[in-house]
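Dock chain B against the given chain A, drawing on the hints supplied.
There are 2 protein chains.
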Amino acid sequence: MCEANAYIYKDGKEELYLESVDIMVPEEGKIYLKNLFGEQKVFIGKIKEISLLKHKIVLENK
Amino acid sequence: MCEANAYIYKDGKEELYLESVDIMVPEEGKIYLKNLFGEQKVFIGKIKEISLLKHKIVLENK
Chain A
1 MCEANAYIYK
11 DGKEELYLES
21 VDIMVPEEGK
31 IYLKNLFGEQ
41 KVFIGKIKEI
51 SLLKHKIVLE
61 NK
Chain B
1 MCEANAYIYK
11 DGKEELYLES
21 VDIMVPEEGK
31 IYLKNLFGEQ
41 KVFIGKIKEI
51 SLLKHKIVLE
61 NK
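Chains A and B supply the protein sequences, listed in that same order.
Residue numbers for the first sequence follow the working numbering, beginning at 1 and rising by one.
Residue numbers for the second sequence follow the working numbering, beginning at 1 and rising by one.
One chain only, chain A, in its complex shape (with noise of 0.2 Å):
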């Protein structure tokens, strides 16, 4: 499966946020985010960085 998992980074440090995420959407100071399993989370900050490769999506706080 080609899902990937949403970590937040702090600090340094990168600690997991929403496993096996399907679906982001982006808005204004949010990110809308989906797994799998339906799991739906709203993060309030950015994306810093996404590698598919690495199956890994890096989110910042503002």
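These are calculated hints, taken from the structure and not from any lab test.
Here are the simulated DSS-like pairs of lysine-lysine, each with C-alpha atoms no more than 30 Å apart in a straight line:
1. A:Lys30 / A:Lys54
2. B:Lys34 / A:Lys54
3. A:Lys34 / B:Lys13
Values in this document were obtained by computation on a predicted structure and should not be read as measured data.
Just chain B now, kept in the frame of chain A:
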């Protein structure tokens, strides 16, 4: 492989912008993209939506 194609959404249509995207780094008002083949592009605009299961990134001009 788990790369995705990036499309530009315009007037209700989606036009292919970059195939086989691996890395995406959003910055102020633009998005840096790099694909599997080392091709790099900078898109002026924002991410509209990402669906990893569909291998699809949709970008939008501001």
